[in-house]
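Given the structure of chain A, go ahead and fit chains B, C and D with the ligands onto it with the hints provided.
Chains as they are written, first to last, in my numbering: chain A, -12 to 322; chain B, -12 to 322; chain C, 5 to 329; chain D, 5 to 329.
For the record, the hints were derived by calculation from the structure and aren't laboratory data.
Check the hints yourself; a few may be wrong.
Stated by the list, open to error - Derived lysine-lysine pairs resembling DSS-like cross-links, with alpha carbons at most 25 Å apart:
1) B:Lys249 <-> D:Lys50
2) D:Lys289 <-> C:Lys325
3) B:Lys249 <-> D:Lys46
What the hints assert, rightly or not - Simulated restraints, written as ranges between beta carbons of each label pair:
4) D:Arg310 <-> B:Gly274: 50 to 56 Å
5) B:Asp69 <-> A:Asp250: 55 to 61 Å
6) C:Ala206 <-> D:Glu324: 34 to 40 Å
Using N, Cα and C, we set each Cβ at its ideal position, and we do this for glycine too.
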Amino acid sequence: MESSTAGLSMKLLQDLYRSMLRIRLFEEQVADLVEGGEIKTPCHLYIGQEAIAAGVCAALEQEDYVWGGHRSHGHYLAKGGDLRSMMAEIFGKATGCSKGRGGSMHVVAPEVGIMGTVPLVAATIPLAAGAGLAAKLRGSRQVSVAFFGDGATEEGHFHESVNFAAVYRLPVIFVCENNFYASHMQLLQRRAEDNIWKTGEAHGIHGVRLDGNDVAAVYSAACEATERARAGEGPALLECRTYRWRGHVGPAWDMDVGVLRKDELKDWLPKDPVARARAQLLDRGAGQEHLAEVEHALREEIEAAVTFARQSPPPDVSELTEHVYASRGGSACET
Amino acid sequence: MESSTAGLSMKLLQDLYRSMLRIRLFEEQVADLVEGGEIKTPCHLYIGQEAIAAGVCAALEQEDYVWGGHRSHGHYLAKGGDLRSMMAEIFGKATGCSKGRGGSMHVVAPEVGIMGTVPLVAATIPLAAGAGLAAKLRGSRQVSVAFFGDGATEEGHFHESVNFAAVYRLPVIFVCENNFYASHMQLLQRRAEDNIWKTGEAHGIHGVRLDGNDVAAVYSAACEATERARAGEGPALLECRTYRWRGHVGPAWDMDVGVLRKDELKDWLPKDPVARARAQLLDRGAGQEHLAEVEHALREEIEAAVTFARQSPPPDVSELTEHVYASRGGSACET
Amino acid sequence: MRNLSYAQAIREAHAQLLESDPRVFVLGQGLWSPWYAGTSLKDLDKEFGRDRIVDSPVSENATTGAAIGAAIAGMRPIVFHPRMDFMLLAVDPIVNQAANWSYLFAGRVSAPVVIRSVINRGGEQGAQHSQALQAFFAHIPGLKVVMPGTPYDAKGLLIAAVRDGNPVLYIDDRWLYEEAGEVPEEMYEVSIGKGAVRRHGADVTIVAISTMVREALKAGESLEQRGIHAEVIDLRSVKPWDRDLVFSSIGKTGRLVVADAAWKTGGVGAEISATVAGEVFRMLKAPIVRVCLPDVPAPTSASLERVYYLGSDDIVSAVEKVLAS
Amino acid sequence: MRNLSYAQAIREAHAQLLESDPRVFVLGQGLWSPWYAGTSLKDLDKEFGRDRIVDSPVSENATTGAAIGAAIAGMRPIVFHPRMDFMLLAVDPIVNQAANWSYLFAGRVSAPVVIRSVINRGGEQGAQHSQALQAFFAHIPGLKVVMPGTPYDAKGLLIAAVRDGNPVLYIDDRWLYEEAGEVPEEMYEVSIGKGAVRRHGADVTIVAISTMVREALKAGESLEQRGIHAEVIDLRSVKPWDRDLVFSSIGKTGRLVVADAAWKTGGVGAEISATVAGEVFRMLKAPIVRVCLPDVPAPTSASLERVYYLGSDDIVSAVEKVLAS
Ligand SMILES: Cc1ncc(C[n+]2csc(CCOP(=O)(O)OP(=O)(O)O)c2C)c(N)n1
Ligand SMILES: Cc1ncc(C[n+]2csc(CCOP(=O)(O)OP(=O)(O)O)c2C)c(N)n1
Ligand SMILES: [Mg+2]
Ligand SMILES: [Mg+2]
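If we strip away everything but chain A, and leave its shape as in the complex, we get (with noise of 0.2 Å):
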């Protein structure tokens, strides 16, 4: 295991624990938030899934596009989306990302290349196909990133969209985060066999399996995908293995809408991918003090960011029918 992280820099092994715990003290403080009873909108935490966002986005460039769904806090994070706005769109309010329009499933940073995450499954793959042919069409070296989960496979946009890209061949990157289940449905009981990678075979493209909760293994993996994106070389399929810790909706533990997964969970939680980074560093000589300053830097920006969002006015009512329609000539949001 330990051999994954062998090439990478001291540096880098530090952003990507620091990318990961960021994530996950932002959704921890999410979960107890929603327990408390501020936070309102569906949230769907992606405790136990860190590795992916941070691997793959340190694998890019600000001006690349990601694209994410209903659990996409840790992308957003990753991605270098403001803390501050998605907290306060997920407290519903005015200074949002989405100015309250969106909630936790529709979070947004075209600053950084985020252009929109929704929770309908798998939609925002087709789009990714999109920006990755935008991108080849400007001739820019951008990539664009889809996450997704194991469920999204199943949806047949998914499937058209890796044979479009795969035809030409677009600079995209399909990251498909199998955490075993959609929503109560394990697995297998939602296809044949666990092989998901095999689709990139079937449609003509790279695909790989890789250990989802092995952050420097999906930083290596991305970093590859993206350089052969850059080169021309065409998409990528890979597929993360990892597993979500809580609720499918929600901060539940133990539950998952209905699914005892007790068992699982507990196979699961020594794999934890934050931990793991963070034995890692220890390994290779960061000081103990260091990493308590970092997570502690963390925790402040993280209580401030629920400072503000508290804060901050709601949504103007008089506003409510703004933005339907998008001012003449549409956003410029070319990057």
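Same frame as chain A, but now just chains B, C and D with the ligands:
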């Protein structure tokens, strides 16, 4: 090549030959009538692909289901649909199998398990899966066959349906007639690799590739697939490689919606499935006169159908609005 | 008679249909989950087995198509979409296939399938978890569309839908799941295409659909206190809809308000208004007023949701407007 | 001024948009075929290269979604569906995604995509090759819907649609492809949401859409011979539509016929009727009559097609009905 017929009886080979020749002659007649201007409904001719319908349907029982698309005259005939009724339908007559509501692209013969063919690409693939589910729920031994083209594999619902059938091990046979074109677009303009059969493996089902111009090979593969399906071993995907001789729609020979493909045709004409079966029969000792008699009888049947269609009345315009809704309880088309 | 909740009534209809007709089965997302469909399908899998209560991959098109195919092949499936928004991935099988099947083949085959979807909104879920697209489907020949507003109808319309023999969209609303009402134990049908007068009055006709029936009744009460007698019609079926009942009420009142908790432009209220303005124009004494959602996607923030969704006060204002003009 | 056919006008708009804006590209089925789109896209691939004229696999959902994604990422795509029927496989990206994108993210991003589809029917093609589903999409907030009836508008509305900045459905009709009319050489826009009076008259207002404009003008002529002066409005945009223009015409005539070659129930004519019956009720002297297709899928047989589709005579009868009542 000859080996594919090895285990098959003379009687069976004669039936397969007759079934193919009947389709060929029917389609050539339709082609002439389209050219002559008498037929107006768009006709997608099956000429060149006869071995697939004939081979697959010979492996089926009358109560098995068959579903088709825009190019389904062959499926209808091979499964046992009434020839006269289809000719009348193509003429737009009240005596047609769809009473003038369907034309060439919507034919039906519920009495022999043809529950409807429609021209939206891939549309009947999910329906076929559903009929397989019906058979499974009833505990009948029926299988359900979806015929579709290579283009249909690009529709997401093809993948959804295969996956669905795989999960529930439904008795469904997915027969892809890969003729290398979807209207004007060559296969490799629409997918990265020529590997449709591998889609089976990706979805965890039995997938095979075979020579779709070899009726005995198609028959044997279909027998194997139906046996598996009836034994509860789930679905299969058969990629049958073939070529259509005429245009995407209509009778033109050398031009295909703008794609000149004289060279390809030159390769494929010698692989004529009907001529191959005929040669095999002669090899096995069939008499020339006997074959001439068979052909003569078929020509008479088709001529009589044209006369019948010509003499039939058009639908009564006062009945335009009938059948939008089925009568109470729905039609009783259980077989 | 017993009281059941709306969700319990739906569940009972399912159970009795499954019990009495071996051709009936249920297919769709969330059937094996204790919360996906609220209590409306609770434990049906335990009672009838997972062969007939078929949960599914996340594949709306294929599962809907499979239900249609099974229907054509002689079964009587109910295909379930836990949200109407998801069903938009299945428009091809519904509109292009199921709706056309009988006509295309001159009635020789047909697609007796019930397509059930749930309107599930509010709670800061936002635009993709909120839509009420009955108008979308009511436009399509070959489909029928029902929208029960009471527990009684929730049961009776589902039974009628399964027995109808045509593709029927059955649309229920999570906001009604806890409503209680009298529900007979035996199986019964509510005729598709028949509305019901829920309150009698001679001053104004309020045609209401689904959740809006409850709001219209509340509005009716508060108007009564001011001496305004509203007649409230629960449309129950959106396609076909009960023109005779609506016309006869307008014959009495001369005034019409249509309340439909869906977007205004091109909504069901438009068809009702247009039909009235076309067929019984001379009966009308005043402009028709539609009480609908604004032409805006659903926002998330609770503060915006509060102004976005409709209540009985919106109907009261509409009635005032109709009476004033 | 030059005359161009409707199809040529569409092609010229494409060429000029491609020429003048590097963000514009075309994606969809049939772009490399000489006949799929009639002459409306002829040889664009040869002129602008297959990088920008992107023919596609048979994957309506993904290609439409890809166009939307490219639009969000700064391009100005036109995604092409050679038949509206096929586009039903792309309802999710259009309705759930494109329509909502601006609102969901409060205008910080948007989906400036043109979704072009063709109504292509008759010729014994039948139910799945015939549909005119403008009402379906006009119901959705966030979408605009235009339906040019003349070569001039075919060009000007396409240019306006691409420049609009929102998802715009551009619906053209094969039955108009050979119509000729004056078309300026330069680029110009026809404002989305503005109708046009095509014939002046004070007896009755005929609001017509797309192919029905031609039929309404024919009807207008034959009515004229009988001394009936019809005003014909070409709606051009179905969403938003030109309420002011329609209202002011009704203010003069007091009578309204709406002609839309699509199913009647829940069609665009319903919304226009309902709006008129709601907003300018007092102007109306007679019931509103809608001239629409019967609520029946398209049949194939030519004998049935002849009675199924509409002609100017249907509009004449409707006017007679309005004037008689
Ligand atoms: C089109 C659509 N169908 C169904 C749903 C309901 N739904 C929400 S999340 C989910 C499961 C998704 O599973 P997966 O893609 O594996 O993502 P995960 O939740 O595991 O991260 C489902 C079915 C939806 N949101 N959209
Ligand atoms: C959903 C849909 N999209 C597009 C079309 C247009 N179309 C008709 S036939 C065809 C090609 C189909 O190719 P294939 O599936 O290989 O069948 P073949 O014609 O080769 O038999 C296409 C794209 C359609 N009928 N339906
Ligand atoms: Mg999952
Ligand atoms: Mg083909």
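Hints versus structure:
1. B:Lys249 <-> D:Lys50: 22 Å, holds
2. D:Lys289 <-> C:Lys325: Judged against 25 Å, a Cα distance of about 21 Å means the pair holds.
3. B:Lys249 <-> D:Lys46: 23 Å, holds
4. D:Arg310 <-> B:Gly274: 50 to 56 Å: Since the Cβ atoms of D:Arg310 and B:Gly274 sit about 51 Å apart, the hinted range of 50 to 56 Å holds.
5. B:Asp69 <-> A:Asp250: 55 to 61 Å: Given a distance of about 59 Å, which is inside 55 to 61 Å, the answer is holds.
6. C:Ala206 <-> D:Glu324: 34 to 40 Å: Given a distance of about 35 Å, which is inside 34 to 40 Å, the answer is holds.
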